[in-house]
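Number of protein chains: 2
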Amino acid sequence: MSLELFERHREKLDQACEASHSRGYWSGYKEMPSPRVYGETAQDDGIKAFQSHLGKTFEIDQPTSGGTLGVEEGPFGVELNVQYPAPDVEAMMAAAKAAMPAWRKIGRQGRAGVCMEILERLNAKSFELAFSVMHTTGQAFMMAFQAGGAHAQDRGLEAVAYGYEEQMRHPKTAAWVKAQGKNDPLEMTKKYTAVGRGVSLMVGCATFPTWNGYPGLFASLITGNAVIVKPHPRAVLPLAITVRVVREVLVEAGLDPNLVCLAVDTLEAPITKEFATHADTKIVDFTGSSEFGNWLEDNCKQAQVYTEKAGVNAIIIDDFDDVKGISRNLSFTFSLYSGQMCTTPQNVFIPRDGIDVNGENMSFDDVAKAIATGVEKFLSVPERAVEVLGSIQNKGILDRIEEAKKLGDVVLDTTQIDHPMFKGIQCHTPVIVKIDGADIEKYSEELFGPIVFVIATDSTQDSIEKMKTTICENGAITLGLYSKNEEMIEAVEEAALEAGVNLSINLTGGVFVNQSAAFSDFHATGANPAANAALTDGNFVSGRFRVMQSRR
Amino acid sequence: MSLELFERHREKLDQACEASHSRGYWSGYKEMPSPRVYGETAQDDGIKAFQSHLGKTFEIDQPTSGGTLGVEEGPFGVELNVQYPAPDVEAMMAAAKAAMPAWRKIGRQGRAGVCMEILERLNAKSFELAFSVMHTTGQAFMMAFQAGGAHAQDRGLEAVAYGYEEQMRHPKTAAWVKAQGKNDPLEMTKKYTAVGRGVSLMVGCATFPTWNGYPGLFASLITGNAVIVKPHPRAVLPLAITVRVVREVLVEAGLDPNLVCLAVDTLEAPITKEFATHADTKIVDFTGSSEFGNWLEDNCKQAQVYTEKAGVNAIIIDDFDDVKGISRNLSFTFSLYSGQMCTTPQNVFIPRDGIDVNGENMSFDDVAKAIATGVEKFLSVPERAVEVLGSIQNKGILDRIEEAKKLGDVVLDTTQIDHPMFKGIQCHTPVIVKIDGADIEKYSEELFGPIVFVIATDSTQDSIEKMKTTICENGAITLGLYSKNEEMIEAVEEAALEAGVNLSINLTGGVFVNQSAAFSDFHATGANPAANAALTDGNFVSGRFRVMQSRR
Numbered sequence: 112m113s114l115e116l117f118e119r120h121r122e123k124l125d126q127a128c129e130a131s132h133s134r135g136y137w138s139g140y141k142e143m144p145s146p147r148v149y150g151e152t153a154q155d156d157g158i159k160a161f162q163s164h165l166g167k168t169f170e171i172d173q174p175t176s177g178g179t180l181g182v183e184e185g186p187f188g189v190e191l192n193v194q195y196p197a198p199d200v201e202a203m204m205a206a207a208k209a210a211m212p213a214w215r216k217i218g219r220q221g222r223a224g225v226c227m228e229i230l231e232r233l234n235a236k237s238f239e240l241a242f243s244v245m246h247t248t249g250q251a252f253m254m255a256f257q258a259g260g261a262h263a264q265d266r267g268l269e270a271v272a273y274g275y276e277e278q279m280r281h282p283k284t285a286a287w288v289k290a291q292g293k294n295d296p297l298e299m300t301k302k303y304t305a306v307g308r309g310v311s312l313m314v315g316c317a318t319f320p321t322w323n324g325y326p327g328l329f330a331s332l333i334t335g336n337a338v339i340v341k342p343h344p345r346a347v348l349p350l351a352i353t354v355r356v357v358r359e360v361l362v363e364a365g366l367d368p369n370l371v372c373l374a375v376d377t378l379e380a381p382i383t384k385e386f387a388t389h390a391d392t393k394i395v396d397f398t399g400s401s402e403f404g405n406w407l408e409d410n411c412k413q414a415q416v417y418t419e420k421a422g423v424n425a426i427i428i429d430d431f432d433d434v435k436g437i438s439r440n441l442s443f444t445f446s447l448y449s450g451q452m453c454t455t456p457q458n459v460f461i462p463r464d465g466i467d468v469n470g471e472n473m474s475f476d477d478v479a480k481a482i483a484t485g486v487e488k489f490l491s492v493p494e495r496a497v498e499v500l501g502s503i504q505n506k507g508i509l510d511r512i513e514e515a516k517k518l519g520d521v522v523l524d525t526t527q528i529d530h531p532m533f534k535g536i537q538c539h540t541p542v543i544v545k546i547d548g549a550d551i552e553k554y555s556e557e558l559f560g561p562i563v564f565v566i567a568t569d570s571t572q573d574s575i576e577k578m579k580t581t582i583c584e585n586g587a588i589t590l591g592l593y594s595k596n597e598e599m600i601e602a603v604e605e606a607a608l609e610a611g612v613n614l615s616i617n618l619t620g621g622v623f624v625n626q627s628a629a630f631s632d633f634h635a636t637g638a639n640p641a642a643n644a645a646l647t648d649g650n651f652v653s654g655r656f657r658v659m660q661s662r663r
Numbered sequence: 112m113s114l115e116l117f118e119r120h121r122e123k124l125d126q127a128c129e130a131s132h133s134r135g136y137w138s139g140y141k142e143m144p145s146p147r148v149y150g151e152t153a154q155d156d157g158i159k160a161f162q163s164h165l166g167k168t169f170e171i172d173q174p175t176s177g178g179t180l181g182v183e184e185g186p187f188g189v190e191l192n193v194q195y196p197a198p199d200v201e202a203m204m205a206a207a208k209a210a211m212p213a214w215r216k217i218g219r220q221g222r223a224g225v226c227m228e229i230l231e232r233l234n235a236k237s238f239e240l241a242f243s244v245m246h247t248t249g250q251a252f253m254m255a256f257q258a259g260g261a262h263a264q265d266r267g268l269e270a271v272a273y274g275y276e277e278q279m280r281h282p283k284t285a286a287w288v289k290a291q292g293k294n295d296p297l298e299m300t301k302k303y304t305a306v307g308r309g310v311s312l313m314v315g316c317a318t319f320p321t322w323n324g325y326p327g328l329f330a331s332l333i334t335g336n337a338v339i340v341k342p343h344p345r346a347v348l349p350l351a352i353t354v355r356v357v358r359e360v361l362v363e364a365g366l367d368p369n370l371v372c373l374a375v376d377t378l379e380a381p382i383t384k385e386f387a388t389h390a391d392t393k394i395v396d397f398t399g400s401s402e403f404g405n406w407l408e409d410n411c412k413q414a415q416v417y418t419e420k421a422g423v424n425a426i427i428i429d430d431f432d433d434v435k436g437i438s439r440n441l442s443f444t445f446s447l448y449s450g451q452m453c454t455t456p457q458n459v460f461i462p463r464d465g466i467d468v469n470g471e472n473m474s475f476d477d478v479a480k481a482i483a484t485g486v487e488k489f490l491s492v493p494e495r496a497v498e499v500l501g502s503i504q505n506k507g508i509l510d511r512i513e514e515a516k517k518l519g520d521v522v523l524d525t526t527q528i529d530h531p532m533f534k535g536i537q538c539h540t541p542v543i544v545k546i547d548g549a550d551i552e553k554y555s556e557e558l559f560g561p562i563v564f565v566i567a568t569d570s571t572q573d574s575i576e577k578m579k580t581t582i583c584e585n586g587a588i589t590l591g592l593y594s595k596n597e598e599m600i601e602a603v604e605e606a607a608l609e610a611g612v613n614l615s616i617n618l619t620g621g622v623f624v625n626q627s628a629a630f631s632d633f634h635a636t637g638a639n640p641a642a643n644a645a646l647t648d649g650n651f652v653s654g655r656f657r658v659m660q661s662r663r
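If you read the protein sequences in the order shown, they are chains B and F. So for the first sequence, this note's numbering puts the first residue at 112; every next one is plus one. So for the second sequence, this note's numbering puts the first residue at 112; every next one is plus one.
In case anyone wonders, no lab produced these hints; they're calculated from the structure. Hints may contain errors.
One copy or two, it doesn't matter: identical chains are merged, so the pair holds either way.
[Said to hold, decoys possible] The calculated EDC-like cross-link candidates involving lysine to aspartate or glutamate, where the alpha carbons are at most 16 Å apart (straight line), are: (1) Lys302 with Glu604; (2) Lys545 with Asp464; (3) Lys283 with Asp632.
Work out the full structure: start from the sequences and follow the hints.
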């Protein structure tokens, strides 16, 4: 059965492997929520499927302590009231572990077939998942559909491709024949088996439960591990639907569904530490705060831990002629999902003496104003603005905006926009605050949310130094540069290599520094404190299994 | 220059990559110390080169505190009295780090060329290295030549091949073009750069300084890192010669020789911890005691740590017809280098009721006796015996033999053989001690040296359980099985996968459980406490560099 699935999906898997090598544009799933792609009734079916979960207990037949729990609040005001079975940690760990030998035995191609089928089924549920992502994270619909659906599925497929290829580097068997001069040669038959490390824990985040979760989930599955999916208490539903799909496919393939279990907890009684430090947990994937990510790295000695944490993403603005292009591009960048992305820039470094624009000096304040005006104009039509901004994920972010305003001169204040569709919901535009480059303590840590600092530096060279200092200390996932000087571009490229951060240069069109495309862009590098791994490369998959050898 | 080297060695590198995939027999360097291969004068030249080091200060122009030190004792009685410059830790770390950007800039092919040239030069010095290995470790000449020379070079080449291929998985540049319906497509040019993690520390061991050291050294070099080579104080010379060769090639290629430095210390004033916990040390490779290996894993938070530690290798003897074959094979296995290998079996599990041999029961004692007699006969001719046994590396091992004898009935006592060539040197044959399987605390930890326990179990099934318990708890690198029952073979294969240990089945000929061949056998698995990594696979190299991206 699993090998039939492999044959059915082989072509797409081969394409995915090839795309991960060539790194041009490729996608396994369609990102447009179009009826022509997903079917005439897909959107309505998706809404109904989403609504069918509301106010109910989510059915999933797995080891449970008996009770139910669920604390999701709808950032758009839609009350979820979904209850999930509370996990029994020991029973769930034991059941997941017990499901592993059969998963190992179907082999790497069998596992690939099952993983590909799961992704295909998830893709078919893209609308249901999109509404679930939207009403747990606060993303606007289009973003929830793309980042939470097709793009997340692409990231999952990418992990399957890397994990599959990593296991295919060695044959299942080999004949070893060593000549011995006039004597008979020495001959051995050797067998190589990929064996998963153990139970893998995937800890989801509140803002991108699927996009940040699928890489670890699928990387662990393809390499032979069981997975406990532990969603953020505020964004459970998208991962609950995901786990149910996984389990359905496992059952159809004649496998034990407890290979993948859903472990839900609450903000008041978290269970992540219990799972993460369990002796049988051998892998942990985490996206979230630096504090907890560092705790996991320090305390899960028995496991391989992959973390994506906070960072201070930066933009360096040097001499550049197309300031309108900067403004247009950054307006969208800062506004998208109200800056609640791990890739949104926070620190914009601009020389205090201004920059050269078409041979004329443009002052610091004028550059800052151009950006502020761009953001203001871009968000001037409420109906359009809310479809970019989405909603604020939790109230802590609103408090943070107020804190940020106290740090310097407010260049652009945040405004509230009443959501035309969801009554009582207010969307929040980005705040832009001017800070002096010398006050590094004000901007050297991440203030997650729609908060932008324009920072006055002594020169672009000083901007580079301050970028390096802050990123080496507190990490970053993205760095942007605007410059017309090739020498300066080279200097920033070199500095980016030293700071261990991916660089985007002179983006003025339809590509944004906070977006990264599976198969072409590496998300994070693992080379600065913002993350200890990249999505997805060989290192993200190769530690999830070991090769055992038998020779005779 | 480095690209010229790449072209010169490209064919061999391609062959090595291919061999790592097909995993049949392949070797990059000749293992026989034959004049036809290495030249008529190679042996004499090697002796002279070795002797030229004795009683002198080893010349190497690198950051030093000014003093010299050196405590090597010749296990064969040849006094070394070599002094080495004492390192200045901070200055050495700074110099190594400063050498990295140029090493990155010559690119993956440039680094491959330089690494291949280094290996070629080391190969040309195989006799000099062999005598250095012999007179520091106590290995007999043939083993020192093979394991310390060609086989170590093969392990280094294997690491170069894996590291090179891992970096070649992604292109240097890619064009990303995303169609936008009727609008112009989005286009980006992307650049990918492999960047080493930082300074790498290679901590050598006293028994196999080159074989265990080269994988980490070359894996770190090929992936763009600087390397501090910290030999075991008792086995410095082979690595000192190695580092000098590396530095010569670097200088010839126009690179900074401080990319690789030699850091010598003494048993009384060790410096490993200082280097290992230095903020700029990002990789540590270690072979040695579990105690120190675990310390490194726990305390080098800033680094990726690869360890090979102690383990309790095992043999399971089930029903088998060719007991002479068992005896012949294990005699060599137990005797080679007086059991001072991380792959030598310690625990031989045999059912207390005996085994079936050609339809007749052979008692536990008779099986044990057959093995003991085999060892005795094999070592009965002193001239031949000493060429297998070599010398005891340090006095602690002799004390351990005496301890082991107190644990049970001595089936075969150790004997001392006067070395015919080296006056006053005594070689020691293996001791075989009978222990009851129930006394697991007696055999569950490693007693490094020529010590074998024959352990009486309730059945082969019980042997499997006790093997699993001891290996899951204390690790192992090798497991051997003798059985004529296919079902039992399958059961042990399954148990080996669970214990995370590589298995050798029914070895009665010229292949031995304690030998592992580069490009075909994985040395250790990383899946039990004996090691957290395997030599060499994708996981051994992929964490040593990160890919940084620049797009515009």
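Consistency of the hints with the structure:
With identical chains, the CA atoms of Lys302 and Glu604 are at most 16 Å apart between copies only, with a shortest distance of 10 Å across copies and 45 Å within one. In this assembly of identical chains, the alpha carbons of Lys545 and Asp464 lie at most 16 Å apart only when taken from the same copy (14 Å versus 84 Å across copies). Taking CA atoms no more than 16 Å apart as the test, Lys283 paired with Asp632 passes between copies only; the shortest distance there is 13 Å, against 32 Å inside one copy.
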